[in-house]
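These protein sequence lines map, in sequence, to chains E, X, P and H. Position 164, counted from 1, in the first sequence is what numbering that gives the first Met the number 0 calls 163; the numbers after and before it change by one each time, with no gaps. Position 105, counted from 1, in the second sequence is what numbering that gives the first Met the number 0 calls 104; the numbers after and before it change by one each time, with no gaps. Position 159, counted from 1, in the third sequence is what numbering that gives the first Met the number 0 calls 158; the numbers after and before it change by one each time, with no gaps. Position 162, counted from 1, in the fourth sequence is what numbering that gives the first Met the number 0 calls 161; the numbers after and before it change by one each time, with no gaps.
To be clear, the hints were calculated from the coordinates, so they are not data collected in a lab. These figures come from a predicted structure and were not determined experimentally. For each residue, glycine too, the CB sits at the ideal point set by N, CA and C. The reader is advised that the hints may include incorrect statements.
[Unchecked claim] Which stretches of chain P does chain E cover? Using the computed rule of at least three CB atoms under 8 angstroms from a CB of chain E, they are:
#, region
1, 91–98
2, 130–143
3, 149–155
[What the hints assert, rightly or not] Dumping the calculated DSS-like pairs for lysine-lysine here, alpha-carbon to alpha-carbon at most 25 angstroms:
#, chain 1, residue 1, chain 2, residue 2
4, P, Lys154, H, Lys43
5, H, Lys98, P, Lys43
6, X, Lys154, E, Lys43
7, E, Lys154, X, Lys154
One-letter residues, chain by chain:
Protein chains: 4
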Amino acid sequence: MKGDDTIRILITGGTIDKEYDPLTGELTFPKSHLSNMLNQVRCKVRFVLEEMMLKDSLEMKDGDREEILKKCAHCSENRIVITHGTDTMVETARLLGDKVKGKTVVLVGAMIPYAFGASDALFNLGCAFSAVQALQPGVYITMNGKIFLWNNVRKNRESGEFEELT
Amino acid sequence: MKGDDTIRILITGGTIDKEYDPLTGELTFPKSHLSNMLNQVRCKVRFVLEEMMLKDSLEMKDGDREEILKKCAHCSENRIVITHGTDTMVETARLLGDKVKGKTVVLVGAMIPYAFGASDALFNLGCAFSAVQALQPGVYITMNGKIFLWNNVRKNRESGEFEELT
Amino acid sequence: MKGDDTIRILITGGTIDKEYDPLTGELTFPKSHLSNMLNQVRCKVRFVLEEMMLKDSLEMKDGDREEILKKCAHCSENRIVITHGTDTMVETARLLGDKVKGKTVVLVGAMIPYAFGASDALFNLGCAFSAVQALQPGVYITMNGKIFLWNNVRKNRESGEFEELT
Amino acid sequence: MKGDDTIRILITGGTIDKEYDPLTGELTFPKSHLSNMLNQVRCKVRFVLEEMMLKDSLEMKDGDREEILKKCAHCSENRIVITHGTDTMVETARLLGDKVKGKTVVLVGAMIPYAFGASDALFNLGCAFSAVQALQPGVYITMNGKIFLWNNVRKNRESGEFEELT
Chain E
0 MKGDDTIRIL ITGGTIDKEY DPLTGELTFP KSHLSNMLNQ VRCKVRFVLE EMMLKDSLEM
60 KDGDREEILK KCAHCSENRI VITHGTDTMV ETARLLGDKV KGKTVVLVGA MIPYAFGASD
120 ALFNLGCAFS AVQALQPGVY ITMNGKIFLW NNVRKNRESG EFEELT
Chain X
0 MKGDDTIRIL ITGGTIDKEY DPLTGELTFP KSHLSNMLNQ VRCKVRFVLE EMMLKDSLEM
60 KDGDREEILK KCAHCSENRI VITHGTDTMV ETARLLGDKV KGKTVVLVGA MIPYAFGASD
120 ALFNLGCAFS AVQALQPGVY ITMNGKIFLW NNVRKNRESG EFEELT
Chain P
0 MKGDDTIRIL ITGGTIDKEY DPLTGELTFP KSHLSNMLNQ VRCKVRFVLE EMMLKDSLEM
60 KDGDREEILK KCAHCSENRI VITHGTDTMV ETARLLGDKV KGKTVVLVGA MIPYAFGASD
120 ALFNLGCAFS AVQALQPGVY ITMNGKIFLW NNVRKNRESG EFEELT
Chain H
0 MKGDDTIRIL ITGGTIDKEY DPLTGELTFP KSHLSNMLNQ VRCKVRFVLE EMMLKDSLEM
60 KDGDREEILK KCAHCSENRI VITHGTDTMV ETARLLGDKV KGKTVVLVGA MIPYAFGASD
120 ALFNLGCAFS AVQALQPGVY ITMNGKIFLW NNVRKNRESG EFEELT
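Can you make the complete structure from the sequences, with help from the hints?
Now the structure itself:
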């Protein structure tokens with residue numbers, strides 16, 4: 000039985016899950032690392048992992064965002080963490096913020112892949128896990144150690160950091 | 000000017016900050032890694048770092064805990080993260096929970112040092128950062144992806160995991 | 000005084016020294032990691048480090064190879080390690096093999112950057128260090144744990160591995 | 000068919016293979032990492048891996064060394080790499096140097112476990128791989144980027160580095 004406090008983790012891709020392909024020199028998505036990450040950090044919260052897609056968020060279409068919205072609205076859990084590319088994370092957060100009611104949803108990603116050295120992935124994921132458990136229903140982004148409301152956040156492309164609008 | 004939302008990070012030692020000394024084969028504390036950790040993860044929350052001590056928590060005395068209590072009570076910040084060894088983290092949390100009022104205090108540590116491979120340190124630190132920002136005043140522990148109230152937590156020494164009392 | 004056994008390390012770039020730039024998502028060369036690598040591995044052989052260039056070897060010109068050849072011919076050391084991109088490593092080795100006499104020269108690189116997880120960089124560098132000390136004058140490549148003579152090696156682009164011609 | 004150039008790798012333990020046990024805070028040997036290491040570095044030399052024991056070399060007995068000697072003498076390969084703790088590596092090298100004839104044997108270890116950050120393990124292993132292929136029959140130690148003859152090496156316990164006797 001999944002209780003109220005189970006966290007659903009929706010995997011959509013993004014830098015957090017990218018790997019270096021030595022044959023092509025490109026960053027690719029051979030598989031998600033989320034299961035390994037949660038195992039490494041000894042996470043004992045109940046969660047279900049669902050890999051919806053593995054995409055660079057610049058290549059997400061409206062249809063992809065609609066799928067994420069549907070999943071958030073219809074899944075049985077009230078606490079949802081979404082791993083997502085940083086480039087259009089704010090756009091997805093806005094769609095969800097406008098439409099998802101009565102659930103706590105936290106979007107999170109990374110600037111450096113988990114698979115590389117000196118990554119921010121595990122810290123960011125930790126931020127998302129506490130936020131999704133501690134916060135009232137609503138849609139949030141956790142990046143750079145901060146918690147942002149979906150309608151008061153942007154990615155500063157020059158610094159690569161997330162910041163409040165006001 | 001330090002605003003209300005600055006986080007004070009009190010460093011007390013614990014496994015999170017241990018290193019392997021190749022000459023003796025022992026785990027030691029040559030220095031704290033917190034500054035490097037927060038730099039690596041691109042943390043943009045305002046914080047002040049204070050190294051109070053670097054101790055294995057089994058070697059903490061009552062006097063050490065009193066110092067931590069005084070610091071929490073008298074510092075100007077209302078949001079405090081304490082890095083701490085896991086073995087007596089619950090004991091320190093109880094002293095603080097009983098005495099610190101009107102502030103949000105989160106104790107956190109790691110089972111594997113940050114400096115080793117496959118550590119839980121960055122994830123746990125992320126959990127602490129979100130918790131200290133999102134939670135109401137009170138004293139908490141974040142370990143294993145969970146948030147515990149100071150008076151409802153124990154370390155299970157057989158599994159090495161933190162769990163609720165009830 | 001530099002004795003006969005000092006190793007000159009010529010840095011030319013290649014994947015071994017690449018880093019991930021989180022702002023652009025590209026692999027770049029902000030600086031060489033060779034000094035950090037040799038420090039990490041506690042190398043006590045006498046060496047001099049010289050950063051000639053930091054290039055993807057696909058972008059090396061004939062002029063770059065001529066510079067490397069001149070440096071090998073004219074430096075005072077008889078043992079030379081060259082860090083180099085893998086894509087045209089064989090081409091540079093052939094130029095050197097044809098022209099450098101009386102010195103032991105070993106070219107080496109990596110398929111995964113040192114700065115990423117699970118890299119082959121340190122192992123390959125170790126192979127180069129032993130090879131340059133143990134081998135007779137000549138020009139060699141060390142990759143995949145093997146030692147190749149300059150005129151009997153190719154990079155198999157499908158497998159990403161170096162192999163003998165015959 | 001194993002040809003002349005197959006390398007036999009004898010695993011005996013030592014720091015290179017140690018892991019941190021989060022429950023006890025001790026360094027232990029749950030398993031050898033050699034297979035993972037050789038996979039990570041894309042080693043394409045033919046080799047056979049044999050785990051003889053997993054011991055801190057301070058706990059090796061004369062009988063253990065006799066077993067290693069027998070294995071070196073009787074195995075079909077002429078090129079042998081032995082992973083070994085650094086504290087008594089010189090002692091084992093002396094026994095082998097005195098008795099093993101017609102084979103190239105290289106002992107190697109690490110000051111920092113492979114499983115920890117900033118380890119010298121992969122570099123040292125690379126040194127051993129080139130040395131065992133390039134050197135004439137004899138017994139050697141590769142540590143700190145250097146190649147030592149079995150009868151001209153000691154571990155300096157103050158610096159943790161290997162050095163020539165003369």
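Results of checking the hints against the structure:
| no. | hint | verdict |
| --- | --- | --- |
| 1 | 91–98 | violated (count 0) |
| 2 | 130–143 | violated (count 0) |
| 3 | 149–155 | violated (count 0) |
| 4 | P:Lys154 - H:Lys43 | 13 angstroms, holds |
| 5 | H:Lys98 - P:Lys43 | 29 angstroms, violated |
| 6 | X:Lys154 - E:Lys43 | 13 angstroms, holds |
| 7 | E:Lys154 - X:Lys154 | 39 angstroms, violated |
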